[in-house]
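Trainee: Sequence:
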Amino acid sequence: MASVEDFALSIVNEVLKEDDNDAKESFKARSKDIYSMSYFSGIRPALAFAYSKAGEENIKNLLKGSKVYIKKVDKGYALYAYAIVKYLKEIEGYRDLSGKIDEVLKIIENDEVRLTSKILNFMNWLKLFSEAKIKTKE
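Using numbering that gives the first Met the number 0, the letters of the sequence shown map in sequence onto residues 0 to 137.
Read the hints as simulated data drawn from the structure, not as lab findings. Be aware that a few hints might be false.
[As the list claims (entries may be wrong)] Pair ranges (Cβ atoms, derived): (1) K132 / D101: 15 to 25 Å; (2) R94 / E4: 13 to 23 Å; (3) S116 / N20: 26 to 36 Å; (4) D95 / K136: 15 to 25 Å.
[What the hints assert, rightly or not] As a list, the in silico DMTMM-like pairs of lysine to aspartate or glutamate whose alpha-carbon atoms are at most 20 Å apart: (5) K99 / E89; (6) K66 / D18; (7) K134 / E24; (8) K66 / D19; (9) K134 / D21; (10) K63 / D32; (11) K117 / E89; (12) K88 / D110; (13) K132 / E13; (14) K126 / D21; (15) K136 / D18; (16) K105 / E89; (17) K134 / E13; (18) K31 / D73; (19) K66 / E17; (20) K59 / E13; (21) K132 / E111; (22) K85 / E55; (23) K31 / E130; (24) K117 / D5; (25) K66 / E56; (26) K52 / D101; (27) K126 / D110; (28) K134 / D32; (29) K66 / D5; (30) K63 / D18; (31) K63 / D101; (32) K126 / E17; (33) K66 / D21; (34) K117 / E91.
By construction, the Cβ of each residue, glycine as well, lies at the ideal position given by its N, Cα and C atoms.
Using the sequences plus the hints, can you model the full thing?
Mentor: Next comes the structure, spelled out in structure tokens:
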């Protein structure tokens, strides 16, 4: 099993393969603001916000390996929510997750004490690696 840091780095490297620079920059911005929102307001409200911007179907399509065609800013939200769901599937062992918001939030609610610190740690690594690797327009 990959370490949390290695997994976060692999997600950022996956985002770097996107053709759309605006989506990459949006992911970088989301890695900062959703981490802060999660830290201060809770992971479930922050994820619900990301889902509201991205759309559940887009996150499910990313999990299936499909392309998504949405506004550039919304794609950053979709990529970020996808990263969290993929973390839950591959690192935390919730393999049957389809990406539906209700099942994701229920899993976090049922194991909130343990998962909160683990997801925040993963989010922090996403933030650090996206800041280090994703260039922004000047």
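Trainee: Quick one, are K88 and D110 close enough, alpha carbons at most 20 Å?
Mentor: 14 Å, holds
Trainee: Just tell me: holds or violated, for the beta carbon distance of D95 and K136 against 15 to 25 Å?
Mentor: Roughly 40 Å apart at Cβ, these two residues miss the hinted range, so it is violated.
Trainee: For the pair we were handed, K31 and D73, check the Cα-Cα distance against 20 Å.
Mentor: Answer holds: K31 to D73 is near 15 Å, not above 20 Å.
Trainee: Assess, step by step, whether the Cα of K132 is no farther than 20 Å from the Cα of E111, and give holds or violated.
Mentor: Between K132 and E111 the Cα gap is close to 30 Å, so the pair fails against 20 Å, i.e. violated.
Trainee: Quick one, are K66 and D21 close enough, alpha carbons at most 20 Å?
Mentor: Holds, because 16 Å separates the two Cα atoms, which is no more than 20 Å.
Trainee: Run the distance test for K63 versus D18: straight-line Cα separation, threshold 20 Å.
Mentor: Judged against 20 Å, a Cα distance of about 19 Å means the pair holds.
Trainee: Would the pair K66 and D5 pass a check requiring their Cα atoms to be no farther apart than 20 Å?
Mentor: This hinted pair is violated, its Cα atoms lying about 24 Å apart.
Trainee: Does K136 pair with D18 here, judged by a C-alpha cut-off of 20 Å?
Mentor: 15 Å, holds
Trainee: Does the Cβ distance between R94 and E4 fall inside 13 to 23 Å?
Mentor: 21 Å, holds
Trainee: Is the straight-line distance between the alpha-carbon of K126 and that of E17 20 Å or less?
Mentor: 17 Å, holds
Trainee: Does the structure keep K63 and D32 at a Cα separation of 20 Å or less?
Mentor: 26 Å, violated
Trainee: Taken at face value, is the distance from the CA of E13 to the CA of K59 at most 20 Å?
Mentor: Cα-Cα ~16 Å, so holds.
When the structure is compared with the earlier hints, violations turn up for hints 1, 4, 10, 21, 27, 29 and for no others.
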